[in-house]
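Participant: For the record, the sequence lines run as chains H and D. For the first sequence, numbering that gives the first Met the number 0 begins at 0 and goes up steadily by one. For the second sequence, numbering that gives the first Met the number 0 begins at 0 and goes up steadily by one.
Derived from the structure by calculation, the hints contain no laboratory data. One thing to keep in mind: the hints can contain errors.
To be verified - So the derived label-pair ranges between C-beta atoms look like this: (1) H:Ser131 x D:Asp403: 27 to 37 Å; (2) D:Asp458 x H:Pro49: 28 to 38 Å; (3) H:Asp403 x D:Arg47: 33 to 43 Å; (4) H:Arg462 x D:Glu124: 51 to 61 Å; (5) H:Ser34 x D:Val56: 54 to 64 Å.
To be verified - Selected chain H positions facing chain D (in silico; Cβ < 8 Å): (6) Leu108; (7) Pro117; (8) Glu148; (9) Met355; (10) Thr356; (11) Tyr359; (12) Thr368; (13) Thr369; (14) Val412; (15) His413; (16) Ala417; (17) Tyr421; (18) Ser426.
Every residue, glycine too, gets a C-beta built ideally from N, C-alpha and C.
Number of protein chains: 2
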Amino acid sequence: MTTSTRDRLTAARGFLLFRRSVNDCKFLAVSSEPSPSVLVVRGCDVLRVPETGECWVVTNQDIVVVGNLIESISPTGSSVSPAAQIIDGRGLLATPGLVNTHTHSPMVLFRGAAEDVPVAAWFNERVWPMESNLTEDDVAAGALLACAEMIQGGTTAFADHYFFEEAIARSVASAGLRANIAPTYFSSRGREALDATVEFAGRWNGAAAGRISTSMGPHAPYTVDDDDLAEVAAQARRLGIRVHIHASENIDQTRSSLQRRGITPIEVLSRTGVLDAGVLIAHGCGIVPSDYELLATHSTTTSVASCPKVYLKHALAPMTPVGDLQQLGVGVAAGTDGAAGHNTLDMWESMRLLAMTQKYQTTDAMVMTTSDTVRLAMRGGAAALGLGDPDLRPGGPADIVLVDLGGSHHQPVHDARAALVYGMQTSDVRTVIVDGQVLMRDRQLLTIDLPEVIADVVDRVKRLTTIREGSSVQFYNP
Amino acid sequence: MTTSTRDRLTAARGFLLFRRSVNDCKFLAVSSEPSPSVLVVRGCDVLRVPETGECWVVTNQDIVVVGNLIESISPTGSSVSPAAQIIDGRGLLATPGLVNTHTHSPMVLFRGAAEDVPVAAWFNERVWPMESNLTEDDVAAGALLACAEMIQGGTTAFADHYFFEEAIARSVASAGLRANIAPTYFSSRGREALDATVEFAGRWNGAAAGRISTSMGPHAPYTVDDDDLAEVAAQARRLGIRVHIHASENIDQTRSSLQRRGITPIEVLSRTGVLDAGVLIAHGCGIVPSDYELLATHSTTTSVASCPKVYLKHALAPMTPVGDLQQLGVGVAAGTDGAAGHNTLDMWESMRLLAMTQKYQTTDAMVMTTSDTVRLAMRGGAAALGLGDPDLRPGGPADIVLVDLGGSHHQPVHDARAALVYGMQTSDVRTVIVDGQVLMRDRQLLTIDLPEVIADVVDRVKRLTTIREGSSVQFYNP
Numbered sequence: 000m001t002t003s004t005r006d007r008l009t010a011a012r013g014f015l016l017f018r019r020s021v022n023d024c025k026f027l028a029v030s031s032e033p034s035p036s037v038l039v040v041r042g043c044d045v046l047r048v049p050e051t052g053e054c055w056v057v058t059n060q061d062i063v064v065v066g067n068l069i070e071s072i073s074p075t076g077s078s079v080s081p082a083a084q085i086i087d088g089r090g091l092l093a094t095p096g097l098v099n100t101h102t103h104s105p106m107v108l109f110r111g112a113a114e115d116v117p118v119a120a121w122f123n124e125r126v127w128p129m130e131s132n133l134t135e136d137d138v139a140a141g142a143l144l145a146c147a148e149m150i151q152g153g154t155t156a157f158a159d160h161y162f163f164e165e166a167i168a169r170s171v172a173s174a175g176l177r178a179n180i181a182p183t184y185f186s187s188r189g190r191e192a193l194d195a196t197v198e199f200a201g202r203w204n205g206a207a208a209g210r211i212s213t214s215m216g217p218h219a220p221y222t223v224d225d226d227d228l229a230e231v232a233a234q235a236r237r238l239g240i241r242v243h244i245h246a247s248e249n250i251d252q253t254r255s256s257l258q259r260r261g262i263t264p265i266e267v268l269s270r271t272g273v274l275d276a277g278v279l280i281a282h283g284c285g286i287v288p289s290d291y292e293l294l295a296t297h298s299t300t301t302s303v304a305s306c307p308k309v310y311l312k313h314a315l316a317p318m319t320p321v322g323d324l325q326q327l328g329v330g331v332a333a334g335t336d337g338a339a340g341h342n343t344l345d346m347w348e349s350m351r352l353l354a355m356t357q358k359y360q361t362t363d364a365m366v367m368t369t370s371d372t373v374r375l376a377m378r379g380g381a382a383a384l385g386l387g388d389p390d391l392r393p394g395g396p397a398d399i400v401l402v403d404l405g406g407s408h409h410q411p412v413h414d415a416r417a418a419l420v421y422g423m424q425t426s427d428v429r430t431v432i433v434d435g436q437v438l439m440r441d442r443q444l445l446t447i448d449l450p451e452v453i454a455d456v457v458d459r460v461k462r463l464t465t466i467r468e469g470s471s472v473q474f475y476n477p
Numbered sequence: 000m001t002t003s004t005r006d007r008l009t010a011a012r013g014f015l016l017f018r019r020s021v022n023d024c025k026f027l028a029v030s031s032e033p034s035p036s037v038l039v040v041r042g043c044d045v046l047r048v049p050e051t052g053e054c055w056v057v058t059n060q061d062i063v064v065v066g067n068l069i070e071s072i073s074p075t076g077s078s079v080s081p082a083a084q085i086i087d088g089r090g091l092l093a094t095p096g097l098v099n100t101h102t103h104s105p106m107v108l109f110r111g112a113a114e115d116v117p118v119a120a121w122f123n124e125r126v127w128p129m130e131s132n133l134t135e136d137d138v139a140a141g142a143l144l145a146c147a148e149m150i151q152g153g154t155t156a157f158a159d160h161y162f163f164e165e166a167i168a169r170s171v172a173s174a175g176l177r178a179n180i181a182p183t184y185f186s187s188r189g190r191e192a193l194d195a196t197v198e199f200a201g202r203w204n205g206a207a208a209g210r211i212s213t214s215m216g217p218h219a220p221y222t223v224d225d226d227d228l229a230e231v232a233a234q235a236r237r238l239g240i241r242v243h244i245h246a247s248e249n250i251d252q253t254r255s256s257l258q259r260r261g262i263t264p265i266e267v268l269s270r271t272g273v274l275d276a277g278v279l280i281a282h283g284c285g286i287v288p289s290d291y292e293l294l295a296t297h298s299t300t301t302s303v304a305s306c307p308k309v310y311l312k313h314a315l316a317p318m319t320p321v322g323d324l325q326q327l328g329v330g331v332a333a334g335t336d337g338a339a340g341h342n343t344l345d346m347w348e349s350m351r352l353l354a355m356t357q358k359y360q361t362t363d364a365m366v367m368t369t370s371d372t373v374r375l376a377m378r379g380g381a382a383a384l385g386l387g388d389p390d391l392r393p394g395g396p397a398d399i400v401l402v403d404l405g406g407s408h409h410q411p412v413h414d415a416r417a418a419l420v421y422g423m424q425t426s427d428v429r430t431v432i433v434d435g436q437v438l439m440r441d442r443q444l445l446t447i448d449l450p451e452v453i454a455d456v457v458d459r460v461k462r463l464t465t466i467r468e469g470s471s472v473q474f475y476n477p
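Using the sequences and the hints, build the whole thing.
Facilitator: Written out as structure tokens, the structure is:
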């Protein structure tokens, strides 16, 4: 073990011991063993994702993982401890994990149940009435199914925004993924509900051995009033967390805000202190040039999650102005949004669509190169969740995805970056390691009993999709 | 066997016996047995795709295939001949095959080798120079790899447009797929080359037990002069086949044609007799309202193949005007184009992107419903290739794809149509039957040795991607 890795591990343990002082200790996987476990991925190729420039592949490497960190990456054939767990990586490409920076994970319960409708009808006639049927148990089951789908697809971390946040957190903790969880809040729910989200955010931030973090989760400037936004922002600053909010989701919302209030949704976030607190903005397709100065001022604490599949399906032009935001220094990342719109939680598809729709929107085939796209999905995603540098390197986090580019749809592989961006399907993911723990090995999920989860979910379907007159969680009229 | 099915089989055999009189008899799979083989898919659900209205699913059916036709579809539990081959379809959904209506199958050899460049550089700096390296053996190997990928993805028929057409035809014949093969022709190749394509088209049309048909394949109005187009059209009429051609690929080509010649590419097709011969137009994104009257006049013999992934990647707006063309009565179908642009031959992705980009382009989330999209891909695809009604029904062709919607990315299935359009990946395809022959069973390819094909292809990569100064098949300057 290198000195620097040992220092990092010691520091990590110190953090964990500190976290023991909060409750939910059952999810703090602090080891009582004298030495951390060792895991070796043998003979894989390794994708490197630098901060700038081209991504590249180093061939035939051994990745040695000690505890939850990468100890070394070196040419294959290194000698390892006989106690080490060995994963055969030959013929596979190791990549950092994908990060889904905006979803509502339990909405996998509703995939396919709201097709071919515009956004207002999608909310008011389909999704919000169906969501009024949800119980905490439904959400736990849905979140677990979502975790299974994400692990199977090589997503190692996600930013969630939903109700029954405790149930989601427990599902994430048991699944072994990383997540930033924002409890959804509408002002229509009242101050007590807001206080409950604050309490959740404080209690769960750093839980599950640090794999779970939290954000405040006001739904949107059009469903949360300014006083509540200001309170949310103040609480986020107090807790040292950020705000995850839908804002400027589309240009109609921006126009509506300008008409009703004379300011854009981004200006609302500024006036209420949300920008100052640090924010993960979902969608941002309605961000306009007059917002740019504000965003530039807050660029280091602002990320925007772009989810192009739902903009296509809802026929909502334009897309997130990705290039402009990056020019401002604002972090941009990819997400799926909930599966009631996106149908799957496939982040390969999200990243591919982001690249393609940005090329199309800017009429420039040379933007969003394969390297830039991989970087946005992996480094941009990690930054949006406040995670560290995700690149696979000694001392880095052991969040590793092994993908198989051997299929007929990838061969011959002239360029692994192009294969990752334009050819991947989730079934090409073979093995997934998060925080040093193997969550899927050669397509076998190790932390989730998927047949049981699916059977549980299917039992709930009929009740969940029954639409009851007058019953809805909210009304969409931004 | 019903009388009508027996009549159809007899008619089909008569056709085959007629085809024996041409050469290439080795691909004519005329059975010498007294009775045709029987195949039963037990207990599957069946997707029905009507000419209009909603698609629907009939559950728990047995599909009985006799020879190359569907004999019956009835509630599971029917008694069948002890000699019948049984496929367990429980938990699977049977659908018609997907039809890839525009591709250059051997270009799988170049996937990922020409990324992030605009269309002129894509042709002139990457693809056409690389293609000048191709030998007939390379094309045979590439076509076989493409066939493997298409079978694995549930594509049962495709329209190909490429060089070394004999090699492609042999690969298709051995793989067991259906294909319409158009030998690519540029005027720069001279009259002898044109005559050779005519000879190929005549000789191979109806070969491989009728699974192979042919079209004339002039490349485009900007690479084939009017005299050659007129000759091609005349030969197509003589042979009773159609013309497969790139035309109005993008709006720049239409503008350029108007500027150079005062007429649109579609008007060129009209003046040279190509529209009269019947035509499969690749792309058609540059079709303009002034073309509509001509297209309406030829609507019953015209199809347009739309391949949205490559328009996105090449940043070429607008998309094919799908809704307008359908209003004119022109057939519209989906395709991938070559994998050097599309990366894969995934028709599920093509159909999904077609639906999404049409919603986006028309700013109407209600167009291209899931039923309309499935219909376009399946019925539209079959029509574009001159195949009959592909719906799964007694007397229909035994081109059947069994898909598994049991994965975490599909569950729970509220709507199988939505799952097919918005959630499918090719790995969800379990079993593929074409013309009554099982080409893949439970993911095992039965007609292609994929590892051998991939090894063969990989050996060719370095030579194929070497770009030699001044060596190119053509120059792009439409």
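Participant: Given Glu148 of chain H as an interface hint, is the shortest Cβ-Cβ distance to chain D below 8 Å?
Facilitator: 4 Å, holds
Participant: Hey, does the Thr368 of chain H contact hint survive, CB to chain D under 8 Å?
Facilitator: 5 Å, holds
Participant: Report holds or violated for the interface hint on Thr356 of chain H, using the least CB-CB distance to chain D and a cut-off of 8 Å.
Facilitator: 7 Å, holds
Participant: Grab the minimum C-beta distance from Ser426 of chain H to chain D and call the hint holds if it beats 8 Å, violated otherwise.
Facilitator: 4 Å, holds
Participant: Tell me if the interface restraint on Leu108 of chain H is satisfied: Cβ within less than 8 Å of some Cβ in chain D.
Facilitator: At about 7 Å, which falls below the 8 Å cut-off, the nearest Cβ of chain D leaves the hint on Leu108 of chain H intact, so it holds.
Participant: Per the hint of 54 to 64 Å, is the separation of the Cβ atoms of Ser34 of chain H and Val56 of chain D within bounds?
Facilitator: 56 Å, holds
Participant: Should the interface hint for Val412 of chain H be scored as holding, given a Cβ-Cβ cut-off of 8 Å against chain D?
Facilitator: 7 Å, holds
Participant: Hint check: is the beta carbon of Tyr359 of chain H less than 8 Å from a beta carbon of chain D?
Facilitator: 5 Å, holds
Participant: Verify the interface restraint on Tyr421 of chain H: the C-beta must sit less than 8 Å from at least one C-beta of chain D.
Facilitator: 4 Å, holds
Participant: Take the shortest C-beta to C-beta distance between His413 of chain H and chain D; is it under 8 Å?
Facilitator: 4 Å, holds
Participant: Taking the Cβ atom of Arg462 of chain H and the Cβ atom of Glu124 of chain D, is their distance within the range 51 to 61 Å?
Facilitator: Hint holds: Cβ distance 58 Å, inside 51 to 61 Å.
Participant: Using Cβ atoms only, decide whether Thr369 of chain H comes closer than 8 Å to chain D, and label the hint accordingly.
Facilitator: Because about 5 Å separates Thr369 of chain H from the closest Cβ in chain D, which is inside the 8 Å limit, the hint holds.
This entry satisfies every hint, going by the numbered hints stated previously.
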